[in-house]
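Participant: Sequence:
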Amino acid sequence: MRSKKKNKPMNFLEGLVGKLTFGGLIEAMRQAEGMSQVNFAAKLGISKQHLCDIEKRRKFVSPERAAKFAKILGHTERSFVGLALQDIVDQSGLRLKVRIEAA
370 MRSKKKNKPM NFLEGLVGKL TFGGLIEAMR QAEGMSQVNF AAKLGISKQH LCDIEKRRKF
430 VSPERAAKFA KILGHTERSF VGLALQDIVD QSGLRLKVRI EAA
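Counting from 1, position 66 in the sequence shown corresponds to residue 435 in the working numbering; the numbering is continuous, with no gaps.
Bear in mind the hints are in silico, worked out from the structure with no lab data behind them. Cβ atoms here follow ideal geometry from the backbone N, Cα and C, with glycine treated the same way. Mixed in with the good hints, there may be bad ones.
Claimed, not checked - Derived Cβ-Cβ restraints for the label pairs, each shown as a range:
hint, residue 1, residue 2, range
1, G387, I469, 13 to 23 Å
2, K417, R468, 25 to 35 Å
3, A401, K440, 25 to 35 Å
4, V407, G462, 25 to 35 Å
5, L465, S431, 26 to 36 Å
6, M404, L465, 30 to 40 Å
7, S405, A472, 12 to 22 Å
8, G462, G403, 15 to 25 Å
9, Q400, K428, 16 to 26 Å
10, D422, E402, 18 to 28 Å
11, E433, K466, 17 to 27 Å
The whole structure should be built from the sequences, with the hints applied where relevant.
Facilitator: Structure below.
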């Protein structure tokens, strides 16, 4: 049986805030930069309302958009796409865990 490699930063964040979601990550990053939703949305190339909907989990982002956000914010596609896909799976009610591996 293959052992699971733990992602220490993600485990740390989840310990602080509970289950980490894509919207929660985006909101935390925005707040850490001290940016308003208007300014952060402009940085991402989306409307303030769309950003608000993402942060509040009223809307979910596609893997492609998650990868685009990762690039804009200087983070890995893998972590952003994984969280975006996990949100979609969780929203559907499936009890599955998403794992992303580079091709």
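Participant: Hint by hint, note whether the structure agrees.
Facilitator: Each hint, compared with the structure:
1. G387 <-> I469: 13 to 23 Å: 21 Å, holds
2. K417 <-> R468: 25 to 35 Å: Cβ of K417 to Cβ of R468: about 33 Å, so the range 25 to 35 Å holds.
3. A401 <-> K440: 25 to 35 Å: 18 Å, violated
4. V407 <-> G462: 25 to 35 Å: 34 Å Cβ-Cβ, so the 25 to 35 Å window holds.
5. L465 <-> S431: 26 to 36 Å: 18 Å, violated
6. M404 <-> L465: 30 to 40 Å: 33 Å, holds
7. S405 <-> A472: 12 to 22 Å: Given range 12 to 22 Å: violated, Cβ gap about 37 Å.
8. G462 <-> G403: 15 to 25 Å: 36 Å, violated
9. Q400 <-> K428: 16 to 26 Å: Since Q400 and K428 have Cβ atoms about 19 Å apart, the given range 16 to 26 Å holds.
10. D422 <-> E402: 18 to 28 Å: 20 Å, holds
11. E433 <-> K466: 17 to 27 Å: 22 Å, holds
Checked against the numbered hints above, the structure breaks hints 3, 5, 7 and 8 and satisfies the rest.
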